[in-house]
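Engineer: Working from the sequences, and respecting the hints, build out all of it.
Protein chains: 2
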Amino acid sequence: MRQIGVGIVGFGTVGAGVVEGLQRNRGKLAERLGIDIALRRVADLDITTSRGVEIDASILTTDLTQVVGAPDIDIVVELIGGSGIARKVVRDALEAGQSVVTANKKLLAEHGAELFSLAEDRGIDLYFGASVGGGIPIIRTIREALSGNRVESILGILNGTCNYILTRMESAGLSFEDALAEAQQQGYAEADPTLDVDGFDTLHKAAILAALAYGFTPDLSSLSAIGIRGVVEAEDIRYAKELGYRIKLLGIIRGVDGEVEVRVAPTLVPKSSMLGSVDGVFNAALVKCDLADTTLYYGRGAGRLPTASTVIGDIADVAFNIVHEAPLKVIVPKSRKPVRLKPSAEVMSRHYLRISIKDEIGTMAKLTGVLAAHNVSIGSVMQKTTCQVSGSAVPVIILTHLARQADVEASLVEIGRLEIVDRPPVRLGIE
Amino acid sequence: MRQIGVGIVGFGTVGAGVVEGLQRNRGKLAERLGIDIALRRVADLDITTSRGVEIDASILTTDLTQVVGAPDIDIVVELIGGSGIARKVVRDALEAGQSVVTANKKLLAEHGAELFSLAEDRGIDLYFGASVGGGIPIIRTIREALSGNRVESILGILNGTCNYILTRMESAGLSFEDALAEAQQQGYAEADPTLDVDGFDTLHKAAILAALAYGFTPDLSSLSAIGIRGVVEAEDIRYAKELGYRIKLLGIIRGVDGEVEVRVAPTLVPKSSMLGSVDGVFNAALVKCDLADTTLYYGRGAGRLPTASTVIGDIADVAFNIVHEAPLKVIVPKSRKPVRLKPSAEVMSRHYLRISIKDEIGTMAKLTGVLAAHNVSIGSVMQKTTCQVSGSAVPVIILTHLARQADVEASLVEIGRLEIVDRPPVRLGIE
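From first to last, the protein sequence lines stand for chains A and B. According to the numbering used here, the stretch in the first sequence is residues 27 to 457, in order. According to the numbering used here, the stretch in the second sequence is residues 27 to 457, in order.
Note that these hints are calculated values from the structure, not bench results. Hints are supplied without guarantee of correctness; some may be wrong.
Repeated chains share a single entry, so a pair holds when one copy, or any two copies, can fit it.
Taking lysine-lysine and the DSS-like style, the derived pairs with C-alpha atoms no more than 27 Å apart in a straight line are [unchecked claim]:
#, residue 1, residue 2
1, Lys368, Lys132
2, Lys314, Lys297
3, Lys132, Lys114
4, Lys314, Lys54
5, Lys368, Lys54
6, Lys384, Lys410
Structural biologist: The structure is reproduced here in structure tokens:
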């Protein structure tokens, strides 16, 4: 049986999971593939701290060149993360003729075009299934299973930390801060949660999905990422719930009339929908295509073994491609015509508005007048009654019909200036 | 660009969808694959009735040999259905050296072992993604994405007709008969709905999934298929709902201690769970694996274009394999050791019991006594109070803890004989 040598760079959480999975299921993989996948080396700066997995000490090394460019390593698995050393590791491996499997979303979101082009020039595989969705095979599905389709939209709950926080804010009535602290205690959030809670992690993943679906690499700096910190308040979660919705941080990718919308925003989704049913650290992506129509993929978006599952699935594919000299099965599509990114302001969607007004006669007429003047049509209104006297502040919740985001924002600026409004209005999208 | 010739046998609903999809997205496929997939022929006995798709009349033929064994056809797409002519078409094509794509669950459930073995001997691909789950890439996912995993269980809502009927029985309070009539009106159920509502369609699909996950072909006649007709009553749906559950027809495949459970049964699932959220004609499969943990795949389990999406995804793969001379990437695993099928009687699960009793003092003590004597432990009890006098019949709903099915059934036989019980008790599983 042909043997394929694998070397891992980065012996962190996912690295240890891949080591465990490759060792545990080596026989099973050989049975399915007809190829023996041999883990030959694991490189990291720290090779003494236990990772909770048994490993032959002789395959551990601090010397990168024992993996990258090493003649007995056919597949380099990059699990360092970030876009510094990782970029050099991937480049050097590809240039040395080694196939690469990576789980690094930041690297691909920032330098994907360069790296995929290098891989294609060299006729070598660069697989990246675990960069989006952890244990969910969403990348593979879009690349292969749906290859006969045109993708219309992808709505993804792509960050487990945010979904855990939003779930706990709703189910336990926690504030954002308390839910974040709980997530940190549970190991679901980093000490510095910025990348997660401010939407950047989701944005990296959305950019990769957009590249797959529409064949272009969006410039990250031109994309809008709204996170949940300082944006989603406990009361919005309560009002959304009363109206039959849940708030989820979504990566939204949608092709409309030759333009592509790529953005991240906390968004209301119906409670009883499939996306609305995704709780806790779980992730999901809802994909709409011209042939398959609506499909959804759900699972653990992170974690040692789930992420390892996808990395190992990639390793198995790449090993097969090497043995059969059939690389580049799925080329990351390069758009033949330029793709225009749709500015957020132009996006059409339904909107949730929360406006805190003084409870006086005529205030509703003023609000609705401003919205109408900006072509924003109202779907439903919920005014929270209070036990207090006329003149005290009460929230008004408005769900709009489809409206242009710029129109809604302009109307909110004007509403914010009204005397009857006592603090800045809140706007969230609805899908 | 290399061209690969495709011939379709069977110009029915799915056949027309594949024609439409291949024509519409030919350019897109070429861009992604670097291969031009050319639809060269469509064979059917009836080539005059319009299928609602534009097609060059010159590629239509009533002559099977224009596809099977024809030198310009690289891939034969079998969309006849059934296990009669279809079996011959697939056999003949493989023997003529043509790769085959089929959506035929009955054929594979009954003759899969023979056909896969023939394909493997000839070194030719036999792809069958659309045989389970329509537009959901569940087969591909188990074969490829999860190839590094050991599958622990698969719970599948695999029949859209049944799921539509069960959904409407709950949401509109319809009887089975009315919901079936509605499904027939909507085109979601056949005039003779036996294959669907009595569970055989789900059983065929469960057998295919079991073959993929555990490498053996279960003998269909040894498997238990309980459908929904005459089994799931409107009142059970109501009681389940009150207890926070929905009833779904599940295909259940589960490996436990070297034995494999393969069965079909209407089953209670939590309303707020992902499976519980699958409504109408949609299908889903919840897969539990050792590395990926829980993942779920959701979409349209039938229909012209969704099924075509999966067939075309298979065609794309097979075309790539032909061009790169790399067939048999994913061999349907043949178990090295015999797999023991777990008899239904031995299956451990929680159970829902509905027992109609005379509302008298001491009846509950008698019931619980019988259950305890059979080692069936009670989780919760709901007795529906009535406005009627003592002595009238009332339903008692019991949810058990984990119990052996044989023990539960034995206790129900004994309970059925009690004087206080006025009709046969009902038992459903809970997952």
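Engineer: Can you give me the call for Lys368 and Lys54, within, between, both or neither, at a CA distance of at most 27 Å?
Structural biologist: For Lys368 and Lys54, the Cα distance is within 27 Å only across copies (22 Å; inside one copy 46 Å).
Engineer: Using 27 Å as the alpha carbon limit, work out where Lys314 and Lys297 are close: within a copy, between copies, both or neither.
Structural biologist: both (19 Å within a copy, 25 Å between copies)
Engineer: When no copy is specified for Lys314 and Lys54, does a C-alpha distance of 27 Å or less occur within a copy, between copies, both, or neither?
Structural biologist: between (34 Å within a copy, 17 Å between copies)
Engineer: Given a CA cutoff of 27 Å, do Lys368 and Lys132 count as a within-copy pair, a between-copy pair, both, or neither?
Structural biologist: For Lys368 and Lys132, only the intra-copy Cα distance (22 Å) is at most 27 Å; the inter-copy one is 47 Å.
Engineer: One pair to classify: Lys384 and Lys410, alpha carbons no more than 27 Å apart. Within, between, both, or neither?
Structural biologist: within (12 Å within a copy, 49 Å between copies)
Engineer: Have a look at Lys132 and Lys114 and pick one of within, between, both or neither, based on CA distance no larger than 27 Å.
Structural biologist: within (14 Å within a copy, 52 Å between copies)
Going down the numbered hints, you'll see the structure goes against none, and every one checks out.
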